[in-house]
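Student: Given next are the chains, with one letter for each unit.
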Amino acid sequence: MFNLSNLVQKAQQFIEPALPLAVPASNDQRPSKAALFRHQFRLPDSQSPLQEITAELTLSPHHSTRSSSSESTTGEKERGQGNHYVGKLHLSEQYLCFSTQGSSFLHSASLTSSSSFTGQTHGAGPAGNGFTLPLCAIRRVERLHSQSYMFALAITTWNGTPDSKAKKTAPSGQKLTIQLAGSRQQCERFCDALKRGLREGIKDVENLRAVVAECYSEYLLIDDKDEAAKEREHPDTGLGMIFRYPGNARKLRDATKIRLWKEYLRENGRSVTLVRQPTFHKLIRVGLPNRLRGEIWELTSGSFFLRLEKPSLYTETLAKFSGRNSLAIDEIEKDLNRSLPEYPGFQSEEGIGRLRRVLTAYSWTNESVGYCQAMNIVVAALLIYMSESQAFFLLSILCDRLLPGYYATTMYGTLLDQRVFESLVEKTMPILWDHLVKSDVQLSVVSLPWFLSLYINSMPLIFAFRVLDVFFLEGPKVLFQIGLAILRINGEELLDATDDGTFISVLKSYFSRLDESAHPRSDNPKLRAVTRFQELMVVAFKEFAGITQNTISEQRAKHKDAVLANIESFTKRTSIRNLGPESKRLSVDDLGFLYDKFYAVLYERQQRAEILEQEAERKAKAERTKASAIFAPSSGDNVQRGRVALGPSPTEMDYDAFREFLAGIAKWAITDSPSSPEQENSQPSHSYFGNSNRNRPSTSPWGSGPEPADHEFMRRLFRQWDVDMTDALSLQNVVTGFAQVKGTKDIMSNISYFFELYDDDGDGRVDREGILRISEALLFLSRRGVSQSGSPAASTTDVNSGDHAEKGNPDEQFLSSVSAFIRRCFEYADPDHPSHRGDHALDSATKDMDNFAIGEDDEDEDLISLSAPTSPAPTQNKDLQTSSEDHTPLSPHDSIKSAKAKAANLALDPNKPLYITLPTFRMVILADEVLEHFFEVGFSSSFRLASTSPPSHSSTASNLTTFSNAGKHAAGSTAGGLGGVVGGAGAGVVPPSKGLRGMLDNIVSDGMRVAAEVKRRMDEAQKEMDREARQGRDDEDEDDEPSPAKDADLLEGAETADVETAGKDRLPEADLLVLTGSGSAGGGRKRSASDASRKVLEFER
Amino acid sequence: MADSGAAAPKPSSSVKLVLLGEAAVGKSSLVMRFVNNDFQENKEPTIGAAFLTQKCNLPTRTIKFEIWDTAGQERFASLAPMYYRNAQAALVVYDITKPSSLTKAQHWVAELHRQASPGIVIALVGNKADLAAEAAAGDELGDDATEDTDAAPGAEGEEDADADNADQRRVATKTAKAYAEEEGLLFFETSAKTGKNVAEVFTAIANAIPEASLKGPRGAAGGQSSLGRQEDARVNLGSVRPEGAKEGCAC
Ligand SMILES: Nc1nc2c(ncn2[C@@H]2O[C@H](COP(=O)(O)OP(=O)(O)O)[C@@H](O)[C@H]2O)c(=O)[nH]1
Ligand SMILES: [Mg+2]
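Those protein sequences? They're chains A and G, same order as listed. full-length UniProt numbering numbers the first residue of the first sequence as 1 and each following residue consecutively. full-length UniProt numbering numbers the first residue of the second sequence as 1 and each following residue consecutively.
Keep in mind that the hints were calculated from the coordinates and are not lab data. Be a bit skeptical, because a hint or two may be false.
[As the list claims (entries may be wrong)] Far from chain A by the CB rule (all over 12 Å, computed), these chain G residues: (1) Phe39; (2) Asn57; (3) Pro118; (4) Leu131; (5) Glu182; (6) Lys196; (7) Ala208.
[Said to hold, decoys possible] Within a straight-line C-alpha distance of at most 20 Å, the following computed SDA-like cross-link-like pairs (lysine to any residue) qualify: (8) Lys745(A) x Asp589(A); (9) Lys542(A) x His122(A); (10) Lys334(A) x Phe39(G); (11) Lys508(A) x Phe51(G); (12) Lys572(A) x Pro81(G); (13) Lys597(A) x Ile665(A); (14) Lys572(A) x Gln40(G); (15) Lys334(A) x Gln73(G); (16) Lys334(A) x Gln40(G); (17) Lys572(A) x Gln73(G); (18) Lys584(A) x Arg114(G); (19) Lys320(A) x Trp364(A); (20) Lys572(A) x His107(G).
We put the beta carbon where it would ideally sit given N, CA and C, even for glycine.
In isolation and in its complexed conformation, chain A is listed as follows:
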């Protein structure tokens, strides 16, 4: 039961997937609590909330909160009590986190309480005051004997590089005291989990050491007296070390800032052990000092924790893909010279090289994003302050979390956030908005670059970096706040602008004067000293303080569908136009229909696969303590892949997807024998009935749609359409395929097309097996009736007035037509030349094997079957086959008396190869009006595209009875029940009460019917030949139709006596499929084919 509800919840996420960080309006669309937890503490996707408890953090006396203005170290004694923070203590697999933003991620907590942190943060970012401690950075945890009967823990961290020397340099370490507020039981549970985590954490200390050693804070805090440590290399703090940092260090008061930070870090821990107090956030607000900037960005954005998880991923990735080429690399190369070209570092090979490597490495780790223009600018900016490896991880945090979808191949995130920004402008500055609308100025053409390149390209660098400082701490909402503030400040001037040009100029000139005084004419010197940039920050964070992450998430959720739909319709138009000249043969509506169907199938399949995968993952999770790959598609964030607008989705369908696709388009492609969910599906059986709710992607292997058949004809079609031999069909392939099938009204080309499907080697000949296969395919295609749409009245009369004068329903007519087809084919077939045959001996042997199933059980009379009179065991078939091939030349010819008899015998003798050519085939088709009609309209109209209504399940059901009708005289036929039930099955819903019987019948009949029918026709053909051989051919095929009674007998036999034999037949066939299909078919499909056969067997017993 738990599984089920879990599944349902997930399924709902897929339909209305929430963007990362998005908290949409209604309850069932929210991101998971785990995702919220990770976002709050900026943790990698490997982490999930395990334990949480209300707690009070007490920082030991020497920790002090200091306002940024007080630079003195006086007064320490007065603060003997230390600082107290009440909040929540959380434990994940590898982290111990504390935050004053008291959100709950307990399983029992409501999502509202989990997501409350996305609201007002008062400048402290979502994580608030507190810490995010990797367990490996904790040296010791002691249980304190507390005064009250509360649980209290004293945590000692590795403050400083955790190595042997640390004992000397940091004798006391950093001590945090935490009082847990909860029942004894809760506290104990928490502590037990913590203990386990700490034990596990030991193995991560190696990583910690490597990563921390690269932190500037470590270098900064080296004890002045420690001479040995002094010699440590200065950590890589970006290109600024070599090429200077942008801006005037003195004007930026860099030295003062460094001093303040040094003090803060000394008291509050550095890098991983850092404790966030209000001063921390204030120090960020006033702008980070150059050399610390990279490290603090890493910490506040959480990219630090990614790096901690895989410290060498960057270098490994570069090494792994070294020398390889890609489209992304070409695109990167083009832009290297245009990335912050004004910064000296990027006029040198050193800077360009770093930029190239970081962008390239990222493009390999996230190939779906690859490289997007604007990333070059962002990464260039990062590289001024951080090492390549740091920039690499920060870039991935940006792409995956902070700027979701911005750089995707459809840039949906960019477009979405532009829409959100516009709606915020409309809300907060209605007058300006009206003006924009009136003057027909589109705001996003101006604001898009702000967001896409994080203001780096719009503002002078020093100011853009100040924005980034806050952005990494507080998240995406900062981009909106700054953007709104820019418009607010320039409102007056913008109201005068009435075209794009003026609008842009106003803002450009504003950006160029950000360093000037905001109030140059003020009498108050303090006010005069306020720069325009400071004003911008104040307006952004004070006046627009109401713009919270919540606001953004809500707006995103609100506009998402419209934006995605826009992109999708654009993509659709574009890709339909790209389909090339062949596609012109189909109507625009049809193309649109195919496009939708094609991607719908791919999308649904992907969603289903992902549900199953996640379910499996969830089950496996217990055993897994550590995520294996940080960049592996994460649950939660990636569940929405597949929707076209969201970026690269699968663009090719494999054979199974093709079957599903066809089943939605052609009635004949729907299976008659739906597999039972219990067997095909690893899900509990009751989930199957969830299918009745069409809003949910089903977890059955075929979703909510009808289960497709798997017929050799479909495979041939697939292979024929797969012109580039990739074993997968692109939309282009599918459209071209349909253009050939449906794009012509010319019967001749339809006939040729069909012929070519069966002319495997393209030599213009179809051999005996091919003929049988064609006839089998004709039966397959017609088993739910053939469309009479072309000229129904006329054709019916034609048929009735034809030489098959007997009255009968269209299906019977079709049967007899196919029968006549086979007969005629053999009649007019050419004997194959021995030399020609030699080339194909092996080939045809395999085909014969395939064919084996059809006629094998026909013991003594079957002239078609290649098998020896005795029914051989499957394993012997091959030998027999080959030996019969060998014996061909020795076949006795003398027994043939007349030429006609000889011809007839040749046609039926397996040892006498024969073939038909296209002209023969054409002639045979045209000789029969039913078939003629089939090739004229029936076949192509059996695919229903836009112009016709899609096959409805009810019509399927009623049509399906036709075969039973054909055999309606058969005793014990369950025709009526069969039809109804199968219809239900086709629709994916089998009423439990009626289902089993119907299913059984279907499986049996499906397994038997085609084989039986073909075999029967073979028999007839043979008998006729015999007759003809005896009598000569005086009269043209007249009385060859079997009486209905005989027909019924055969069918009856098939359904009763032959059941077991038929079951056995299927097995070798299935095995053969594996043999012959190995060249082209996917492994999964092979298995499913043989599984299906086995099921047949089981059902029959």
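Following the hints, complete the assembly by docking chain G with the ligands onto the known chain A.
Tutor: Below, chain G with the ligands alone, put in the same frame as chain A:
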């Protein structure tokens, strides 16, 4: 250079123009040539689209082009609707040495016909004409030389260029022209490198804009022209070459 004197008496109106086309066909170069009469490697990082303005003096009026030069990468195509929305003119550019770029251009034309403002004036521009042999007499030569690519502009150059200095044309003038006529587009072959036909394209567009669709000078307090020059100055890095200054458009 300033044309403020000339602009004063004549009625002036702004025209929003968007450049579309495959990456590297020379859109930015064309704009650069038109606005600054310059040809140089583009160092300006463009995010989304670059915005530039340039005036075009016609005998009876002055047209101020507000040019959106859309950026390269394929994925930015989904942003294009933002830029061609309410554009009055479009330059759809292809590269005469690259047949696939004409196909792409045709897609853009179809997109504009379907989605852009109904009266939009579209010019199809085959750029890099300097790479065709005998650029001057190239039209006839080009037709003969590339007859076989006519049918399938999508097929990448079938016959290999025999030498690097030889004719690199892969799209016959005739082909593109026929298509342009069929679709009712203005058609030019240009070279941003030599300046050939560049000003002519813009002049032709300016002339083709129906009088009725001109809004008159947009923007209020006459500050436009100076702002326009500001734009220009920003991009123009001071290497204005006087060669090939065009009549028709005063700059
Ligand atoms: N020979 C030649 N090269 C050109 C011409 N126009 C542009 N190019 C070159 O083509 C490349 C791409 O030009 P660019 O303007 O950036 O194309 P965009 O991507 O369409 O903006 C650059 O290397 C230009 O120097 C031209 O008319 N002739
Ligand atoms: Mg460009």
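Student: So, for every hint listed, does it hold in this structure?
Tutor: Structure-based check of all given hints:
no.: 1; hint: Phe39; verdict: holds (17 Å)
no.: 2; hint: Asn57; verdict: holds (18 Å)
no.: 3; hint: Pro118; verdict: holds (15 Å)
no.: 4; hint: Leu131; verdict: holds (20 Å)
no.: 5; hint: Glu182; verdict: holds (14 Å)
no.: 6; hint: Lys196; verdict: holds (25 Å)
no.: 7; hint: Ala208; verdict: holds (21 Å)
no.: 8; hint: Lys745(A) x Asp589(A); verdict: holds (18 Å)
no.: 9; hint: Lys542(A) x His122(A); verdict: holds (10 Å)
no.: 10; hint: Lys334(A) x Phe39(G); verdict: holds (18 Å)
no.: 11; hint: Lys508(A) x Phe51(G); verdict: holds (12 Å)
no.: 12; hint: Lys572(A) x Pro81(G); verdict: holds (14 Å)
no.: 13; hint: Lys597(A) x Ile665(A); verdict: holds (9 Å)
no.: 14; hint: Lys572(A) x Gln40(G); verdict: violated (36 Å)
no.: 15; hint: Lys334(A) x Gln73(G); verdict: holds (10 Å)
no.: 16; hint: Lys334(A) x Gln40(G); verdict: holds (15 Å)
no.: 17; hint: Lys572(A) x Gln73(G); verdict: holds (18 Å)
no.: 18; hint: Lys584(A) x Arg114(G); verdict: holds (17 Å)
no.: 19; hint: Lys320(A) x Trp364(A); verdict: holds (10 Å)
no.: 20; hint: Lys572(A) x His107(G); verdict: holds (12 Å)
Of the numbered hints listed earlier, the single one contradicted by the structure is hint 14.
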